[in-house]
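Student: One-letter residues, chain by chain:
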Amino acid sequence: MIGGIIAAGLVLVAVIVAVSNLLGIRITPYDPIQQDVGPSLAAPSLLHLMGTDIEGRDVFSRVIVATPNDVAVSLVVVGVALAAGIIIGSVAAFRGGLLDEALMRFTDVVFALPALVIAMVIGVALGPGVRNMMVALMIIWWPPYARLARGEALRVAHQNYIEAARLSGMGTAKILFKHVFRSILVTMLVYATLDIGTVILVYSGLSYLGLSVRPPLPDWGEMVSSYQDYLITAPWLPVFPGLIIAFGVIGFSLLGDGIRDALEAR
Amino acid sequence: MNPLRYILRRVVFGAVVLLAVVTVTFVLSRSLGGNTVVAWLGKAASLHPELAQLYAEKYHLNDPIPVQYYYYIVNLLQGNLGFSPSRGFEPVVEVISQTLPFTLQIAVFAWVTSLVLGVLLGVISAQYHHKPVDTLVRAFYLGGYSSPPFFVALILLIAFAFSFRLLPSGGAYDISLTPPTVITGLPMLDAMIEGNWAYLLSSLQHVILPSVSLALVTFGVLTRVLRSSLLDVMHANYIRTARAKGLDEKTVFFKHALRNAMISVVSISSIMVTWLITGTIFVENIFAYPGMGQYLVTALAGEDYPGILGVTIVFALVIVVTNLIADILYAVVDPQVRLG
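Protein chains in written order, with our numbering: chain C, 9 to 274; chain A, 11 to 350.
Each statement offered as a hint is correct.
A short, non-exhaustive set of chain C residues, derived as facing chain A with CB atoms under 8 Å:
(1) Pro122
(2) Val129
(3) Leu209
(4) Ile240
(5) Pro246
Short derived list, chain C residues pointing at chain A, Cβ under 8 Å:
(6) Ile130
(7) Gly205
(8) Leu217
(9) Gln236
(10) Leu239
(11) Ile258
If you're looking for bench data, these hints aren't it; they were derived computationally from the structure. Since this is a predicted model, take the numbers as computed values, not measurements. Backbone N, C-alpha and C define an ideal beta-carbon position, used for all residues, glycine too.
Let the hints inform the model, and build the full structure from the sequences given.
Tutor: What follows is the structure in structure tokens.
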């Protein structure tokens with residue numbers, strides 16, 4: 009329940025911020041980039057909920073405006089991994105033989121690569137930016153989905169209705185689209201929901217390393233790293249964005265757990 | 011499967027993974043500003059055309075791509091990772107050999123802490139499942155593994171170094187002390203061999219916060235898996251048999267249930283190791299710990315491509331080797347692999 013509320017809340021904030029950006033309306037209390045909207049390094053107060061940074065920018069406004077980055081990256085990366093995983097996994101399961109072997113060994117190798125470090129070097133080659141980090145993560149994120157999908161598709165493959173479809177002369181491609189994808193989707197979606205938090209964590213790590221947005225644009229991970237210099241004078245500065253990341257990850261994990269429990273109980 | 015064949019297969023797999031990493035870095039090194047020399051000398055390559063020319067010839071950087079790939083791997087095997095502009099053009103392999111021991115120190119301490127914390131809380135959580143203690147433990151590990159390592163590290167830094175002043179806030183040892191002479195390469199181990207207790211004590215104080223930060227974000231995976239597999243195992247037939255034999259609950263739990271549940275712990279340890287090793291990047295940066303992770307962060311900030319690519323390869327090497335050890339350990343503890 010709590011997870012669902014947090015996750016829905018984050019997505020809602022992200023959508024509102026994105027739409028308001030398109031329309032050119034500012035919904036945050038202050039301009040997130042403008043300096044000196046308040047005193048420098050002010051403590052959290054009613055005027056500035058999360059205080060202000062050295063430049064006198066409102067941290068709360070910056071945190072809000074950064075929401076679409078993390079939410080969009082995690083949803084897109086997980087979505088692409090889901091689609092790629094389902095296709096690779098079920099094709100491997102249904103075609104079998106050498107293709108199955110080749111696809112799965114390739115999956116094993118990509119799966120064994122340290123995700124954060126590989127995403128980082130791909131990101132370095134592509135150059136910093138939200139979209140480039142998204143691409144870097146997409147390249148390495150699909151293997152667990154392909155494995156899961158293959159296992160699920162193998163389980164489905166021997167069911168009677170698949171046999172019936174095959175006997176009625178339906179081709180493999182059609183069987184995959186009409187029956188297999190649909191029946192393995194639920195399990196895959198549960199895994200994907202649990203995984204969204206992990207993408208947020210890794211993306212915030214890349215952002216912390218300075219590979220995402222360029223200053224002065226705000227991003228959660230980037231804010232923690234640039235505010236950690238004020239740890240002694242204004243410890244709340246890096247703590248708030250860090251807390252928001254943890255909050256978002258907890259939300260999606262709880263949501264995934266909840267969905268899984270609900271499905272298992274059924 | 012024959013255990014030797016199993017281990018051999020894991021070794022071959024590890025080698026393939028490493029080759030994949032090297033291929034990725036090779037491809038990327040060619041896409042940095044369209045000039046491979048940049049990957050070996052950094053951006054300074056354009057400032058020193060004659061040096062770049064020399065380098066290109068010596069390392070076959072103007073040859074056809076398959077030839078370049080061959081020499082790239084030959085160079086890596088010879089330990090040539092280029093020169094690091096962010097470190098005054100010191101050879102990357104030199105910088106890594108100075109920094110890697112510190113990273114390994116953090117990783118080992120974090121791993122042990124994570125294992126102890128993870129198993130202890132997993133056992134407690136399973137023993138008292140659906141009681142308040144279990145809920146508390148679950149909240150604790152959910153909070154832990156949902157937090158980015160840099161966040162946990164900052165909180166510990168504020169709490170224990172700045173507020174209570176219990177532990178040092180940065181560095182690997184008190185710099186007024188003389189480091190031990192290099193014997194094994196691991197400073198703490200060398201200090202122990204040499205009997206340099208002041209240095210050892212100082213190192214221990216400095217390693218606590220970074221390694222505990224890492225352990226706090228990784229132990230949760232372990233607790234979660236151990237808890238659920240313990241709960242599964244407790245319903246197994248052989249546990250009922252053990253109880254029916256009249257064994258006391260303690261023996262049943264520790265000798266029969268926990269031993270079997272630990273197999274699942276070993277099998278997820280590779281995920282844990284990957285998290286631990288990559289997590290060092292963040293905690294070293296926050297605690298100014300002079301390891302490979304901190305070097306990577308400065309290399310990223312200074313567009314030091316040779317440094318970035320070199321550290322990536324060494325990180326992958328460390329992860330592949332530790333996973334291989336975990337696989338072999340798995341073969342030792344799991345009778346299905348050992349005897350099957």
